[in-house]
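Knowing the structure of chain A, use the given hints to seat chain B on it.
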Amino acid sequence: MADVQLVNLTIEGRQVSVPAGTSILEAAKAAGVLIPHYCYHPSLSIAGNCRMCQVEVEKLPKLAPACATAVAEGQVVHVYSERALEARKGVLEFLLLNHPLDCPICDQSGECELQDYTYREGRAEGRSQEPKRFNPVEDFGGDVLYVTNRCILCTRCVRFMDEVAKDTVLNVSERGDRAVIGKFEGKDLTHPWASNVVDLCPVGALLSKDFLNKARAWELDRTPSICPNCTQGCNTILETRDNVVVRMRPRTNSEVNRYFLCDEGRLDYRWMNRTDRVEAPLVRRGDRLVAVDWEEALKAAALHLNGKRAFVLASPKLSNESLWMLSRLVEKTGGRGAFRVAHGPEAPLPGVPDLALRAERAPNVRAAELFGFTKSDTPLSALGSDDVLVIADHELAPADAEAVQRAASVIVIGTTLPEAARHALVVLPATNVAEEEGTFTNLRGRVQRYLQARSAPGMARPVWWSTGDLLAFLGERAGYFLASEAFAALAAARPEYAGMSYDTLGLKGQLLAGAAAPAEAARS
Amino acid sequence: MGYPHTSHPKETPVLSQYFGDPGARSLDGWKQRGGYRALEKALGMSPADIVNEVKESGLRGRGGAGFPTGVKWSFMKPGDGKPHYLCVNADESEPGTFKDREIMRWTPHALIEGAAIGAYAIGAETCYIYIRGEFTEPLRVMNAAVKEAYAAGVIGPNAMGTGKRIDVHVHKGAGAYICGEETALMNSLEGKRGNPRIKPPFPAVAGLFGKPTTINNVETLAAVPHILNRGAAWYKGMSRGNPKSTGTKLFSVCGNVAKPGNYEVEMGFPFKEFLYELCGGPLPGRRFKAIIPGGSSVPIQTVEEAEATVMDYEGFIAQGTMLGSGGVIVFDDSQCMVKHIARLARFYAHESCAQCTQCREGTAWTTRILERIERGHGTMADLDTLLELADQMTGKTICVLSDSCAAPIVSGIKKFRSEFEAHITGKRCPMGATAAA
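Sequence order for the protein chains is A and B.
Just so you know, the first sequence maps onto residues 1 to 524 in my numbering.
Just so you know, the second sequence maps onto residues 1 to 437 in my numbering.
The set of hints was computed from the structure by calculation and includes no laboratory data.
Check the hints yourself; a few may be wrong.
Said to hold, decoys possible - On the chain A side, residues computed to face chain B include the following (Cβ under 10 Å):
no. : residue
1   : L34
2   : P42
3   : A47
4   : G90
5   : Y119
6   : A179
7   : A472
8   : L474
What the hints assert, rightly or not - Cross-link-like lysine to aspartate or glutamate pairs, in silico, EDC-like; alpha carbons within 16 Å at most:
no. : chain 1 : residue 1 : chain 2 : residue 2
9   : B       : K192      : A       : E163
10  : A       : K62       : B       : E137
11  : B       : K414      : B       : E388
Stated by the list, open to error - Rough simulated footprint, nothing fancy, chain A against chain B, three-plus residues with beta-carbon under 8 Å:
no. : region
12  : 12-20
13  : 29-38
14  : 343-352
Values in this document were obtained by computation on a predicted structure and should not be read as measured data.
Built from N, CA and C at the ideal position, the CB exists for glycine as well.
Isolated chain A, as found in the complex (with noise of 0.2 Å):
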């Protein structure tokens, strides 16, 4: 890095250096302290309208907007003054001049900044005698909603669609009091990643289509995740009611994914609460699958591995603890191991280096790959007539049903029984991504953590879990019992992990060894 000059300064008595040139706003971050805004996001370009993060600067005539004003040496921020105070009193009821306190039906009551700001530094009581403005609810187009009267216009909507997703769209329309974000001719919200306008907006205004009137902010459980949507490896957040993931949104990596999220991803999560699982390990007992206790059905399978080769078709959505395992399971039996990953159109977000929707829909191709694991569109073509069939979580093709019927012995461990596989001698069942913890390795080489969101269906286990304990009994050493122990042992054998724990790895991830910073590799 440059030679970068530092900036001494102090915000509300707490000394600070930050880089010349850095605002009042971000410096007080760095020194612990939130100045209340609305317009300003670290993405998108200053506005400095809406007025609310003015502090008090020592020798400054007027206040100074906090998103606006650099940093300067020997500066005496006040944030809490009660000329800073008292401004932002003012600014938030001039916001709430317009804006219906209809908090008790709005989505967004709960996690507004508008309620939040409104709560620490507002009046409790307004002076407007006026009537409100009143404008319609309108359709944005893709999953927004647009609820013109709670809009604040701060225009983060309107900065983002031009200068992140450089899509221009959205426009400030009327003036004054009258102004509200409007809409170019023709023009939709269809880009696919407008939804993000949806976690800008710091009010209510716009509103998911999809997460509407589905519940309360406060009764939301939040668990760190990752997209497991696309090769790239956003990081999200999921949001559970009641053991129901009902929402997942963007967390914020400046490494992977910014602040954002695209659309197919944030809406690509229903299929984690399914119901149609499999609850129980299974054996076949004749024509009939027979629930049986864990270490049955695992001796089962054990049996029907011995001597024989296995050929694992494993999904690239495992996590690598998994698919690890998995490849071990390859290898102790001299097998063979194949996927086939789903493919979309890609769909970059301009105003971000190497942030895309990628192509291959699946957040561990490069895992998969990197432990052997064959890609192919026709994975089971290399399907010996004498292999038994390992099917972990993979999808079943049309065209793959009759490889799948051909074969002498069927083992399935996954979250559901594929049609095709009905005559599988054991099925061992799996969580998913939201019921378990684990790891992806992402297209640039990025092994990211994710956590539990919701508790497994009945006897669920994860598959690096089962798969362990059916080496075990195949004669090797594998018994795990938490997803750190495996990625610990994952780690020790595998050069590229060497050195990573789950606690290096945080909540940021690290990248593979030798894999490229995506800035760099952006660049070249």
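Positioned in the frame of chain A, the structure of chain B alone reads:
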């Protein structure tokens, strides 16, 4: 000068000398009246010498802020390798102001000449004249004059045969008050919504198309040829004692006054003499009550304050208001101040660009309160609320539109509180039918 266009003997017609003279509109006519000699002279001088001459003359911006023009020009660093631009602010949207309109209608070449000199002085090859959308006649006259000047080689790739390039483009606005704010004007010129920009960066650093830009008012630029022709000392001499305010100033007078119109006087002229002699005083049987001396954005004066004022930048400030754009709006004793202040607030509420919260919501809220008081439904608490809102709307926004809305409200309530109270206690407008005018 009222209408017809004859100057009062106490006026000092410099810019307004040829108002009402159709012969001055054409290039030939303008040359016969001494036009384009200053441009010829300027193109033979170094830009720095021109800037110094203008600095020396004491010329200050006539658009409202009164910033010294020479100093503004000196911010444009020569040889920085970037294109420079000159913008001429002919948006003249300040209510009560109509001086630039007359300059462009009658003496379009005075503006072209001044703009060409200004462009040369700041190292710009391109000059944009941004004309208010409602100004159809000035637009037509300016377009014709620019065409004529190009055809004669006065401006263009080889201005006056000197090999220097000075292009002048006339751009018609769409009729928004805010586009008279310099950075909003630049956004509008760039084809964007006319929203004021955050400063810094100032236009001299990053203005039009992100390049160093100077923006001057029509009247300011029109004065420049006279300064070059007759010298800084002559210009400086037109001042009645205050060396900080020099030259002549056009005042547009409207409202309840015997002879409305444009009047050009020396800086420091007594306002009382101006109102009663030049403008002919109040209408028969009436008395002056209140004056807004510098366009609708400045604080209102009582007639006593106005009579004690000398007409220059400092003189108006000494009497609690500002010279502003020189749009003098006169109210006599038949007028309801509450109604007029409410009308002004309504104007600002209509014209707010909707960026800053205080302005977008504040202008509309104050308008509603004022109109409610006018209708007789106000309370005494409303007056305190209005003053508090005005304070919230002052000095806290990107541009000064909300300050401009607040200024007449604060001065109006302070100076004419009894009228507000009469509306509140009497539950109707005490002026009755006469206020309906």
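Here is how each hint holds up against the structure:
With its C-beta approaching chain B no nearer than about 19 Å, L34 of chain A sits outside the 10 Å limit, and its interface hint is violated. This hint is violated: P42 of chain A has a C-beta 17 Å from the nearest C-beta of chain B, more than the 10 Å allowed. Given hint, A47 of chain A at the interface with chain B, holds; its Cβ is 7 Å from that chain's nearest Cβ, closer than 10 Å. Annotation: interface hint on G90 of chain A holds; nearest CB of chain B at approximately 4 Å, less than 10 Å.
Using the Cβ-Cβ criterion of 10 Å, the hint placing Y119 of chain A at the interface with chain B is not satisfied: the shortest such distance is roughly 18 Å. About 3 Å separates the beta-carbon of A179 of chain A from the nearest beta-carbon of chain B, less than 10 Å, and the hint is met. Nearest Cβ of chain B to the Cβ of A472 of chain A: about 65 Å, over the 10 Å cut. The hint is violated. About 68 Å separates the beta-carbon of L474 of chain A from the nearest beta-carbon of chain B, more than 10 Å, and the hint is not met.
Between K192 of chain B and E163 of chain A the alpha-carbon distance is near 15 Å, which keeps this suggested pair within the 16 Å criterion. Taking the CA atoms of K62 of chain A and E137 of chain B, the gap is near 42 Å; set against the 16 Å cutoff, the hint is violated. For the hint linking K414 of chain B to E388 of chain B, the alpha-carbon distance of about 13 Å falls within 16 Å, and the restraint holds. Evaluation of the coverage hint for the region 12-20 of chain B: breached, as 0 residues show C-beta separations to chain A shorter than 8 Å, against a requirement of three.
Check on the region 29-38 of chain B: 0 of its residues sit with their Cβ under 8 Å from a Cβ of chain A, so the three-residue criterion for coverage is violated. For the region 343-352 of chain B, the proposed coverage by chain A is satisfied: 4 residues have a C-beta within less than 8 Å of a C-beta in that chain, meeting the threshold of three.
In summary, the numbered hints that this structure violates are 1, 2, 5, 7, 8, 10, 12, 13.
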